[in-house]
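> What follows is the residue order along each chain.
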Amino acid sequence: MRAPWRRYLRFWGNDLDADVDDEFRFHLETEIEDLVARGMSPATARAEALRRFGHVDAYRQYCRSADARRLGRQRRTENISVLIQDLRFAARSLRRQPAFAAIAVLTIGLGIGATAGIFSVVNGVLLKPLPYPEPDRLVTLWETLKDDRIAVSYQDYLDWRRRQRGFEDVAVYNAFQAFNMTGRGTAERVRGALVSGNLFRVLGARAELGRLITESDDRPDAPRVAVLSDGFFQTRFGGNRSIIGNPLTLDGGTYTVIGVLPPEVRIPGRDVVLPIELFAHTGAYTRENHPSLIGLGRLKPSVSLERARADLQRVSAELRVEFPKGSAGIGSDGEPLMDMVVGHIKPALRMLVIAAGLVLLVACVNVANLMLARAATRERELAVRMALGASRGRAVRQVLTESVALALAGGLLGVTIAYLGVKFIVSLKPTSLPRLSDVAVDRNVLLFATVVSAVTGVLFGLAPALRAGRSRSVAALRGSDRSASAMPRQRVRAMLTVAEVALAVVLLADASLLIRSFAALAAVDLGFDPAHVVVSLVQLPEARYATAEQSRASFDQLLEKVRAIPGVESAAVGTDQPLGSNWQTGVSFEGLPAFAPGQAPLLNAAVVDPSYFETLRIPVLAGRALSSDDRAGQTPVVVISESVAKKYFPGANPIGRRMKQGQAADTNGWRTIVGVVKDTRTDGLTEGSRGNFYMPRAQEEMRRGLLVVRSALPVAQLTVSLRAALADVDKDVPLALTQTMDAAVDELLEQPKFSMSLLAIFAVVALALASVGIYGVVSYGVTQRTREIGVRMAIGAERRSVIRLVLGEALTMAMIGVAIGIALALLSAKAIAAMLYGVGPRDPAVLVGVSAFLLVVALAAALAPALRAARIDPMRAIRMD
Amino acid sequence: MADPAPMELLQGTLDVLVLKALSWGARHGHQVARVIRDSTGTFEVLDGSLYAALHRLEERGLVEGDWGLSDRGKRAKFYNLTAAGRQRLKAETATWQRYVAAVSRLLTATIEPA
Numbered sequence: 001m002r003a004p005w006r007r008y009l010r011f012w013g014n015d016l017d018a019d020v021d022d023e024f025r026f027h028l029e030t031e032i033e034d035l036v037a038r039g040m041s042p043a044t045a046r047a048e049a050l051r052r053f054g055h056v057d058a059y060r061q062y063c064r065s066a067d068a069r070r071l072g073r074q075r076r077t078e079n080i081s082v083l084i085q086d087l088r089f090a091a092r093s094l095r096r097q098p099a100f101a102a103i104a105v106l107t108i109g110l111g112i113g114a115t116a117g118i119f120s121v122v123n124g125v126l127l128k129p130l131p132y133p134e135p136d137r138l139v140t141l142w143e144t145l146k147d148d149r150i151a152v153s154y155q156d157y158l159d160w161r162r163r164q165r166g167f168e169d170v171a172v173y174n175a176f177q178a179f180n181m182t183g184r185g186t187a188e189r190v191r192g193a194l195v196s197g198n199l200f201r202v203l204g205a206r207a208e209l210g211r212l213i214t215e216s217d218d219r220p221d222a223p224r225v226a227v228l229s230d231g232f233f234q235t236r237f238g239g240n241r242s243i244i245g246n247p248l249t250l251d252g253g254t255y256t257v258i259g260v261l262p263p264e265v266r267i268p269g270r271d272v273v274l275p276i277e278l279f280a281h282t283g284a285y286t287r288e289n290h291p292s293l294i295g296l297g298r299l300k301p302s303v304s305l306e307r308a309r310a311d312l313q314r315v316s317a318e319l320r321v322e323f324p325k326g327s328a329g330i331g332s333d334g335e336p337l338m339d340m341v342v343g344h345i346k347p348a349l350r351m352l353v354i355a356a357g358l359v360l361l362v363a364c365v366n367v368a369n370l371m372l373a374r375a376a377t378r379e380r381e382l383a384v385r386m387a388l389g390a391s392r393g394r395a396v397r398q399v400l401t402e403s404v405a406l407a408l409a410g411g412l413l414g415v416t417i418a419y420l421g422v423k424f425i426v427s428l429k430p431t432s433l434p435r436l437s438d439v440a441v442d443r444n445v446l447l448f449a450t451v452v453s454a455v456t457g458v459l460f461g462l463a464p465a466l467r468a469g470r471s472r473s474v475a476a477l478r479g480s481d482r483s484a485s486a487m488p489r490q491r492v493r494a495m496l497t498v499a500e501v502a503l504a505v506v507l508l509a510d511a512s513l514l515i516r517s518f519a520a521l522a523a524v525d526l527g528f529d530p531a532h533v534v535v536s537l538v539q540l541p542e543a544r545y546a547t548a549e550q551s552r553a554s555f556d557q558l559l560e561k562v563r564a565i566p567g568v569e570s571a572a573v574g575t576d577q578p579l580g581s582n583w584q585t586g587v588s589f590e591g592l593p594a595f596a597p598g599q600a601p602l603l604n605a606a607v608v609d610p611s612y613f614e615t616l617r618i619p620v621l622a623g624r625a626l627s628s629d630d631r632a633g634q635t636p637v638v639v640i641s642e643s644v645a646k647k648y649f650p651g652a653n654p655i656g657r658r659m660k661q662g663q664a665a666d667t668n669g670w671r672t673i674v675g676v677v678k679d680t681r682t683d684g685l686t687e688g689s690r691g692n693f694y695m696p697r698a699q700e701e702m703r704r705g706l707l708v709v710r711s712a713l714p715v716a717q718l719t720v721s722l723r724a725a726l727a728d729v730d731k732d733v734p735l736a737l738t739q740t741m742d743a744a745v746d747e748l749l750e751q752p753k754f755s756m757s758l759l760a761i762f763a764v765v766a767l768a769l770a771s772v773g774i775y776g777v778v779s780y781g782v783t784q785r786t787r788e789i790g791v792r793m794a795i796g797a798e799r800r801s802v803i804r805l806v807l808g809e810a811l812t813m814a815m816i817g818v819a820i821g822i823a824l825a826l827l828s829a830k831a832i833a834a835m836l837y838g839v840g841p842r843d844p845a846v847l848v849g850v851s852a853f854l855l856v857v858a859l860a861a862a863l864a865p866a867l868r869a870a871r872i873d874p875m876r877a878i879r880m881d
Numbered sequence: 001m002a003d004p005a006p007m008e009l010l011q012g013t014l015d016v017l018v019l020k021a022l023s024w025g026a027r028h029g030h031q032v033a034r035v036i037r038d039s040t041g042t043f044e045v046l047d048g049s050l051y052a053a054l055h056r057l058e059e060r061g062l063v064e065g066d067w068g069l070s071d072r073g074k075r076a077k078f079y080n081l082t083a084a085g086r087q088r089l090k091a092e093t094a095t096w097q098r099y100v101a102a103v104s105r106l107l108t109a110t111i112e113p114a
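First to last, the protein sequences are chains A and B. The first sequence begins at 1 in our numbering and counts up by one. The second sequence begins at 1 in our numbering and counts up by one.
Simulated from the structure, these hints should not be mistaken for lab results. Certain hints may be false.
To be verified - Under 7 Å between C-beta atoms, here's a sample of chain B residues computed to sit facing chain A:
no.	residue
1	Gly25
2	His30
3	Glu64
To be verified - Ranges of calculated distance between the beta carbons of each label pair, as one might list FRET restraints:
no.	chain 1	residue 1	chain 2	residue 2	range
4	A	Gly54	B	Ser104	26 to 34 Å
5	B	Ala101	A	Gly54	30 to 38 Å
6	A	Ala43	B	Val103	42 to 50 Å
For every residue, glycine included, the Cβ atom is placed at its ideal position computed from N, Cα and C.
Work out the full structure: start from the sequences and follow the hints.
What follows is the structure in structure tokens.
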């Protein structure tokens, strides 16, 4: 403990130990002299002096440590007073140059605002753990067929649960159920989830009120119970606890409410949650069917995700052997629950984080540049201070104090910008951004912004500070701005500007790519016309619509009434809609070699009205659309989409050929292909269609139908009329999920729009900063070279050539910057490629356009200083100091 | 009259004595030792403990040390009272006097207090 102290003291200050020794020695010598003067012999005197003194070593030790403590305290107070002094000095000198201070703070504020804003989003979406105990161990599970993810078969799930060894337990849920809730005023459509009894135990969720579903509730003979989501409990029941223990009527069945989920439990995130076993006897829960079930496992503490996955795949392999028919080709897989929640947004956020970092970097470079320019004017002052004895360390510290103070002020502004920005983003309620309620400027963000500000301050202050430390030149003392050191400084500033331009190019190029990609997405041929189309869900309860005829008659009746609404152009009912298909099925074609088990093509299936194509304006390419003559009992027919025709009947006419659901040997009937329609985008905007086939409603059973209506009426008014029409047919069936097709398209475009907008904002900020940088350097260069320019003009240089000289310099900087920027953009092309659609990451038009644009901006930024240079009066310039 | 046996110094009293010794002006350690020894003669004070007191008081900011030359021309560390030291001496002196008065009142009492 003592050794480092000593080294420290010896190095930095007076040698305390030696001081104590000197003091003691002086005392003893004086004492001995006194005693000798009184007649003692020197030896006796020495012994007496030592006796009177006591234990010398112990006292020396005591005095030394007291001194060390005193000096340490003194140094600390000195440090603080130096800091206060430096801060005061910084404040004074910044006040003298308010424009500089304002620009610096604004620049840093923009940089930190962008970074802190994006960090808030990343923090909320990606970094905060999910609200469950040990969320890292939660794994989403699904089944696979070929390369597709498919929902889990309930029977497979039961076998998983019995046979798997990697998870503590696996649960399953179906979050896409809906029920008609009756008996409480008008009939209502509620979103429901079916869960296995162990789901909440696997999640580790606790009830907000009452209790959650347990395994004893999840038995066919158990009393029927339901759990409410917090949102539904608040909005529908006003948070009134008395609902617990009371009955709910869902699809005609009565369920007792036993509890409420806490607000943070967003999976399944529906209105009501019911145990799944009650439904497990229905046809959808056989081995072959995969009805929207998602698995959820909790890893055993010692088991890795890889091993648990492999183990589950072993179970799947066993099932394939045991159930060659029902489980043909079915595999299983999983990923961390967190990935399922946020996985899709990760690449976009990663890109935005990088972009925000680049903006901050540009801001740093810019302020470093400003500081350097200022350092020129301050060089004299610093040189004076150092000539008067300020140490180099002191000078460096002085400049750093100033830059860090500036950065912290900028950080404050940045946090404000981030706060407003995040508020704005959250107010947009982007559906593509999961966990939105977790996004906020919180303590982590503040900490982040503070650290980033401080680091930034050191970063952009370092170059000027080190320079200040070196500024001892006599030239600086004399205060000539044309001193020898000015030229390298101007070169450093030019290099910094080049870097800014390069970074701005990268950001602009990426933003332009995203804008082009977005334009391409928005221009995707959907295969149908979404304008003026409204889609609503109508589900007829099984209890009252036992037969196919009953529901068919009701839908017929509903359509008749809807078509009669004035302003309705056309209407149809179908099981699916473009952009949101949820029914994929394997098919076989007559006359084509049978597909191996599990290898049958999966197509999007739909049961629709003949008027479906007309209502959505899906063009018929060959043959005919479905017609009202395709009735039950007639020849079963089917209409296929273009890509199916091309893929399976290349060069041949598919009309008249036959196909069926499932394998050729299955008992399903063959259907004759009567027409080919255009493909619609069914699996998302960027995915090509996997192919669709449409069966006539008259020949199929349908209880859950989408009412598709084309009308120029305002949506709100139309909805009222549709609701009235439905009530006329069955007052206990609600009209649900009404949405315009345009809104559905917008939803798909929203995430790319979000990334595009933010990146564009970042790019514009970077561009603005870079042009400020160019302006600053050029303008300062002109001031510095006033005399040189004056001389040039005095010996006959024309004003035009002066302008050309100044612009040429700006252009050179810009061109070097653009070249580096383009190189960087090309190198980083791979990173952004995954986010692009319909445009390559090295799109020449974008790169050329951005380059040209930046050169123009550079020229524009340099124009004012160039004109100023041209107005220099040669005589005055030469006489200047 | 023979010197009575040396007395143990009461705890904490040495600091006050040192402050008092410095109240007439700057002194180095040896001078402080002499002042205390000469003026009391009663106390057995090791010179080392005096230096410990000086450094302790310096650490607390009650005295200030500075190097100078002694009257014999040698380098010596001189101590001076700071404002805080002066104040402390005043306060300690007052406390001490109150203490002494109280104790002697009791010790010299001839009638048992009521």
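> List, from low to high, the hint numbers that the structure doesn't satisfy.
Violated hints (numbers, rising): 1 and 3; every other hint is consistent with the structure.
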